[in-house]
Amino acid sequence: MNPSRRLFLRNGALALAGTTVLPAFLTRAVMAAATEATAQGRKLVVVFQRGAADGLNIVVPWREPNYYAMRPTIAIQQNQVLDLDGFFGLHPAMASLQPLYKQGHLAIIHATGSPDGSRSHFDAQDFMESGTPGIKGTRDGWLNRALQAEDSNIAVRRHTAHTAFRAVALGPDVPRTLEGKIEALAINNVQDFAVGGRGPKIAPAAAAFESMYDQSSDSLLHSAGDSTFEAIKMLRATDPAHYAPDPSAQYPESPFAKNMKQIAQLLKANLGVEAAFTDIGGWDTHQNQGSTQGQLANRLRDFSDSIAAFWRDMGPEAENITLVTMSEFGRTAHQNGTGGTDHGHANAMFVLGGNVKGGKVYGKWPGLADHQLNEGRDLAITTDYRHVLGELVSKTLGQMNLESTFPGAKLNPKQFLGLV
Amino acid sequence: MSGSSNRFASRLAYSLRPCAAAVLSLILSIQPGWAQIEQAQTQLAPTRAGQTQSVHSGLLQDEEKTPSAAPDAAISKSVSIKLGAPKIDPNQTTSDPHILHLLSRFTFGPTPEDVASVRALGKNGIEKWFDQQLRPDDLRPTADDLMLAGRLADFPELQLQPDELLMQFPSGAIIRQTANGKLAIPNDPNLYAIYRRHIRLYEDKQAKKEKDQGKPESPVKAEGATPQTAETAVSADAGSSSPSSNLSPSKMPDTARPAYSDLLVKSVLALPPSQRLQRILNMRPAEFEEFQANTRGGRRAPVLQGMTPKERELLSDFENPTHTVIEALQAQRLLRDIYSSNQLEEVMTTFWLNHFNVYLHKNEETPYYLVSYERDAIRPRALGNFEDLLDATALSPAMLLYLDNSSSTGPDSIVAQRQKERAAEGKPAKATAPGLNENYGRELMELHTLGVNGGYTQTDVTEVAKIFTGWTVDRPQLGGDFKFDETRHEPGAKTVLGHKIKANGPKEGFELLHILANSPATAHFISQELAVAFVSDNPPQVLVDRMAHEFLKTHGEISAVLRVLLRSPEFWNPATYQAKVKTPLEYVVSAARASSAEIVNVHPLVEALNQMGMPLYSCVPPTGYSDKADAWVSTGELVTRMNFALSLATNHFGGIRSQWTPAFLQLTNPAEIEQLLENRLIPAGVSDKTRAAVLEQAQTQTQPQPQTQVFPPSAENPPSKITQQLQRAREQQNAQIAGLLLGSPEFQRR
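Chains as they are written, first to last, in this note's numbering: chain A, 1 to 420; chain B, 1001 to 1750.
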């Protein structure tokens, strides 16, 4: 990072933004100026579906006869799928995403995933988040490395001033995806992100802590303290207590919806967010996953309605957003003996955004005939998920060295799917 | 709890007594190397000691006289210490920085009592203390230990074996099996009530599910099995077994609800404790829900009033059996970490629980197995022999389930052969095809013994997995123990890391564990981890080598390896002092220890650890939590820590009370109070800048009226009237100071 830019930010705009005497419209103007450069770039929102979502019941290959043979009680019947292209259809609980597909904002990649064969949740999540399938020793996450690569791109660096909100995760700690050299911010609850109590005024305790950490000779804690109070002030300047989402956005009542709502809030507040992460659990449907109704349907309704609400909430700013979803692996093509599915291989990813070439299901379909299955049991992978992410990061964060972001993947931009 | 106020008084007395701590804290705040510290001490000690002396002189009469610890003597002796010497000179008296360094690494935070007890050991006190800690069974219990024993007695369930625990606190699987008639409900009337409730809840949930799904896929149940009929069936059953619940809410019109719940709560609370419990145990789910809704938070205390620990446990079991077990497990761990005087045993228990990580929510049974895992496998061996510990973890159902070894089957085992024959005969295969699971084999080498660069190959992983086929758990849903299943064991010899291991059933596994435990790679890997935990994030390789050498020489005697670490110049290198950043667990526990808070309810601490990203027993990957600073120093983390510090100090957590203003103390000057609290909370001291920031804030706070304190309590001015208000104002101010100190940069380190 350019130190003088950072200094300007802290001493100029943010110092102003932190004071309460400044009228709100003025702080907004100052903030806008401060982050204008950052706003040039697009913003990437990453959603991780933890627990291995059942891609075959999410983006249903309803023209595959074997699909119905393998899933006698849990398959989504042809007259119930929300048809996409005459071959694939969405699960009926995902009705809120169908219009986004039709409008060309939502693209789907099927039969994608991590090439590593692990069927362990934690290994596969770890591999997917580190961006180095099969390699345990990687210390940082792919998204952090992508931001690092962005920094080493001189053309971009010249115009960019980063804030503490550059990389933000909704949750108690920084996820593997965002771990690494670039400091990422983990926020449980935007409204509570303050020291010594929320509210428009700075708590006296917060001022004391700020002075302690600011003057500390402990360099590690000094710099963490700096970015902490920078973040708190920036957030306070946006008056988060009085924030309300756009009335057209109907968020469901769920932890995931709450996180999506808060990501929208942070993005709209113009805080310099470049990458945001959140996750949604509950996909490990080994038993009674249901068909058009039931466990998976409930999960999907939450998932889709939250994302659709997020899209509406962002309004005109949705144009600058690219949202991508992933899950550590798919589930078995056959249903198991307990009305569910076991750990499988390939899955479907969703990409939503203003500049996304949506309305299409991407990827080569490997088929579901017995001999086409991976290890005789799962949907095979035809698109390495890193091809999807590689394309998205290089078209949102800017041209970059893809080898440093996805070491060993040998990504070739010529092979990109053309999602954006 | 009178014990805790005594505890507070004694800490306070200590912190006033030697004044040396105050002097040192001032000196250390300049943060030079230790050699410089000594120089500085001689120069600064007289003035500062004089100041502090005058501040506290009125109190000196309250202190206990102890033979050691004349302040001036302590200071002058500390000057003569050769810092950084390879061995501790047996003839020297230990200085405070040495003692603090020792305690900040081998305990969950030094308390003034700890410092005093090391000092009281006199010559060679550091070695003596360490030896005592290495033999926790020989330590005489302190007042805190007795109090801890009393607290642990609140959790009788922690004495149970997994099968008993599962029977008394039924898991979801036990309830399902009981509901489906595969298991019998226990005869014990209390347990009967608990099972009945959870079976009803399960059946209601099933009925609701079917209704939601429009019964598309329930071939078992008959078409007419609607939720209503299920409910009727239950209430018919309930009618006979719970005669007292004639106030059934379902019979009441909605408008009558508020009056009904009032009446319900009142009528229950009017009963004596054991009848109250019986009345609650006989409630139907809806009635209990109503009752619960009206006895939450502050209104819960009267419900528990007068109940024995066993009765409280039953009530909690009735509400949520698995939660009762998890809460007990988490509570005992925090209580031990905070109060046990066998601190090294607790620190090492935490170290090994993290090294041999098991994730609490791996499956429904894991919480039950974790109780025994920690109690029977880890804690008794935390300071013992590594191979012994490794064997214990390999045999533990918790680990066998967590890393999936329990489901691993040899590809040529008897079971696999049968499966193939079935397939050949055209019979349907089992739902899950049995096969080799390499999860444990890999992590055993990568994380438990050799380390990621320990020189093993994928072939070794597969061979190890074959060796452990058949190592499984006997009926895990019922809490069974380790079982070797010959029919799933892969026949034939195996070769691992060049060692040929002959076909020998379960003994193959022990042979392999012996090889792994005594490998130089393991010695290095474990030594490295210990050095990271106790010395620095990047420990010197020479130290790790010496520890590894001792590890191999003693065949993995953990105490011997730790002793090499303790006696090493690297450990005593001034650069290591306060060099470690506390993990969330260390932060939360050290704050609780330092504040001497009276902790009736540990839940806020458990919750704090969740928010700080280090939930107890809940690290999902087998790597365990990081012990290094970079994992824990981040923006969000600091916000959580600062807020925790303020909430703890200002008594914002329900069930945790700290007292910062002792009644007999007439200090009003914030500087004096700050010094007093600093000695108590951060004996190593804070920087001048931190102190200035604390004081600036304290002085801008509302001050207690100065003239009120000159009035001595008298008949005209009853002490209650004058002092209460004053006391409250002071207490608020002092709590604020304490909160700032606990959130300071200095308290983040150890």
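Be aware that one or more of the hints could be misleading.
Lysine-lysine pairs mimicking PhoX-like chemistry, simulated, CA-CA at most 25 Å apart [said to hold, decoys possible]:
#1 B/K1483 <-> B/K1502
#2 B/K1502 <-> A/K181
#3 B/K1205 <-> B/K1182
#4 A/K201 <-> A/K181
#5 A/K395 <-> A/K268
#6 B/K1689 <-> A/K136
#7 A/K181 <-> A/K395
#8 A/K102 <-> A/K364
#9 A/K410 <-> A/K395
#10 A/K136 <-> B/K1502
#11 B/K1689 <-> A/K201
#12 A/K360 <-> A/K395
The set of hints was computed from the structure by calculation and includes no laboratory data.
Original post:
If you check each hint against the structure, which ones fail?
Top reply: Numbers 2, 4, 6, 10 - these are the hints that the structure violates, sorted from lowest upward.
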